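Engineer: The primary structure of each chain is shown beneath.
There are 2 protein chains.
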Amino acid sequence: MSDAAPLADVSRLSFNQATSERSSLHEVVESCARNGVPSVAMWRHKLQEIGVEAAARLVRDAGVRVSSVCRGGMFPALTAAERALRIDDTRRAIDEAAAVGAEVLVLVCGAAADRDIAAARAMVADGIAAIVPHAAAAGIRLGIEPLHPAFAGDRSCITTTREARLLAERFDAATVGVIVDVYHVWWDPERDAEIALLGNRIAGYHVNDWLVPARDVLLGRGMMGDGVIELRAIRGVVERTGYAGLIEVEIFNEKIWDLPLDELMVLAKERFVQYA
Amino acid sequence: MSDAAPLADVSRLSFNQATSERSSLHEVVESCARNGVPSVAMWRHKLQEIGVEAAARLVRDAGVRVSSVCRGGMFPALTAAERALRIDDTRRAIDEAAAVGAEVLVLVCGAAADRDIAAARAMVADGIAAIVPHAAAAGIRLGIEPLHPAFAGDRSCITTTREARLLAERFDAATVGVIVDVYHVWWDPERDAEIALLGNRIAGYHVNDWLVPARDVLLGRGMMGDGVIELRAIRGVVERTGYAGLIEVEIFNEKIWDLPLDELMVLAKERFVQYA
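As given, the protein sequences belong to chains R and E, one line each in that order. Using the numbering used here, read the first sequence as starting at 1 and increasing by one per residue. Using the numbering used here, read the second sequence as starting at 277 and increasing by one per residue.
FYI, nobody ran anything at the bench for these hints, they're computed from the structure. Be aware that a few hints might be false.
Selected chain R positions facing chain E (in silico; Cβ < 7 Å) [stated by the list, open to error]:
#1 163
#2 212
#3 225
#4 261
Here's a subset of chain E near chain R, in silico, CB distances under 10 Å, partners left out [stated by the list, open to error]:
#5 282
#6 283
#7 286
#8 408
#9 438
#10 504
Below, computed lysine to any residue pairings styled on SDA-like, alpha-carbon distance capped at 25 Å [said to hold, decoys possible]:
#11 R:46 / E:338
#12 R:255 / E:336
#13 E:322 / R:46
#14 E:322 / E:338
#15 E:545 / E:391
#16 E:545 / R:92
#17 R:255 / E:545
#18 E:531 / R:92
#19 R:255 / R:273
#20 R:255 / R:200
#21 E:531 / R:269
#22 R:269 / E:391
#23 R:255 / R:239
#24 R:255 / E:391
#25 E:531 / R:219
#26 E:545 / R:218
#27 R:46 / E:365
#28 E:322 / R:215
#29 R:255 / E:338
#30 R:46 / R:115
#31 R:255 / E:495
#32 E:531 / R:216
#33 R:255 / E:494
Computed from a predicted model, the values in this text were never measured in an experiment. Just so you know, even glycine gets a beta-carbon here, dropped at the ideal spot from N, CA and C.
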């Protein structure tokens, strides 16, 4: 643990609104501003409730940055027509991210539609290639997020940091990077070596925790400090690549969703400094 | 899928008794014999209900082979004294496996006791080194089972086929092999390459399925054919290493546990031939 990072600085905290799924974007942005949290990460279903113009005005008026918009991707599908729709939808996500002033569009790549995971991986690569010019033109960086292998059947055939890196390296680093979320990568025996190899490809860093025992992998994420992830050690590896960007707190958990928003925001700040 | 294996042969089926957790070992062995299932895999808590002598007599009288006993391992612990207890317990597991005529003792390696997964991995390597002489003397092969990364926090810090292979390769192949369970390895982008590299290290092959959507990773395993794993393709890769041993059906699932044992045994046979 000698290489662990020092205390995290709240100036780097971005509150991913999925952490308070029952709140509106308006409520989350206002709470960030009220509690000195400098940045927010948006989800499209929340963004679309108020529209991109209103969302852009909301964060501008509140003086809150937008670390990322989630998500584009879900590229694999049974038919070419459906795959084209997914690509078109991700182009729209790029436009939405640009409109709200986000730095990154997070890509959740999608799973095989028919058991053939190798074919799904090829569809993901094709999908990213198809949207890269649009992202470059819009000035939006794409962040490929490898998801924990527990989601390989329904959310992402891209599961390891290495796989995400090799995929990203097919493209310009300014346009295609990788999101490192501790929940997804903490277990990997090649974790530290692969994060180091990402270098300037790191497009975002997400923190939360892995609770034990693990049962519900979708909605069982923990608040930083409540689980078994070596958070500060991993942040040390991330920061030694030169990454000095925002750090998102992103937690899917019914119990955390039940907390009053301001109480949650204060808790997230405290735990961020203490553990992240 | 051109390299997929042909239909599975029932003569290679071993029914892992965890698939019928509410049944006794006696009931499972009798049902195997009654239904033409040639082999069983035992769990120690079931074995200990009747004792190893009775269990050995049971399978001998029924003419049922024993593919494996599960489990030894769980090596990482906070204190040296506790680690020594785990090693002693695994030596006893080796003796039990030998007493019932099992071919393999499955090792579930254990998770970090204190967040330090690198230290846990070192404790696993030390633990295996400590038991190898005993296993060799007893004629029991140890099967390191990499578990799905969803279990990295509570059951095994050894999560990938590669990591299990590199660990096994420190020892003689006759004494230390690797268990390939599709549930644990199906998602891995290096799956096929790593299984091929196992060569004569494959100490067992386990089948089941990954249900979608996945929520409960512990008790949400599926019957072969009900999920998204490319079973026959993986078996093709396993068999091209030369592996011609038993194939265990091992399914942890409350709904499957609710099935009457003979009905489940017939279903497992059918699905084994049709999908495994």
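Engineer: Each hint should be assessed against the structure and marked as holding or not.
Structural biologist: Evaluated hints:
| no. | hint | result |
| --- | --- | --- |
| 1 | 163 | holds, 5 Å |
| 2 | 212 | holds, 4 Å |
| 3 | 225 | violated, 11 Å |
| 4 | 261 | violated, 26 Å |
| 5 | 282 | violated, 18 Å |
| 6 | 283 | violated, 18 Å |
| 7 | 286 | violated, 23 Å |
| 8 | 408 | violated, 21 Å |
| 9 | 438 | holds, 8 Å |
| 10 | 504 | holds, 5 Å |
| 11 | R:46 / E:338 | violated, 62 Å |
| 12 | R:255 / E:336 | violated, 52 Å |
| 13 | E:322 / R:46 | violated, 51 Å |
| 14 | E:322 / E:338 | holds, 17 Å |
| 15 | E:545 / E:391 | violated, 41 Å |
| 16 | E:545 / R:92 | violated, 49 Å |
| 17 | R:255 / E:545 | violated, 42 Å |
| 18 | E:531 / R:92 | violated, 42 Å |
| 19 | R:255 / R:273 | holds, 21 Å |
| 20 | R:255 / R:200 | violated, 36 Å |
| 21 | E:531 / R:269 | violated, 42 Å |
| 22 | R:269 / E:391 | holds, 22 Å |
| 23 | R:255 / R:239 | violated, 31 Å |
| 24 | R:255 / E:391 | holds, 23 Å |
| 25 | E:531 / R:219 | holds, 22 Å |
| 26 | E:545 / R:218 | violated, 32 Å |
| 27 | R:46 / E:365 | violated, 53 Å |
| 28 | E:322 / R:215 | holds, 24 Å |
| 29 | R:255 / E:338 | violated, 51 Å |
| 30 | R:46 / R:115 | violated, 31 Å |
| 31 | R:255 / E:495 | holds, 22 Å |
| 32 | E:531 / R:216 | holds, 17 Å |
| 33 | R:255 / E:494 | holds, 21 Å |
Checked against the numbered hints above, the structure breaks hints 3, 4, 5, 6, 7, 8, 11, 12, 13, 15, 16, 17, 18, 20, 21, 23, 26, 27, 29, 30 and satisfies the rest.
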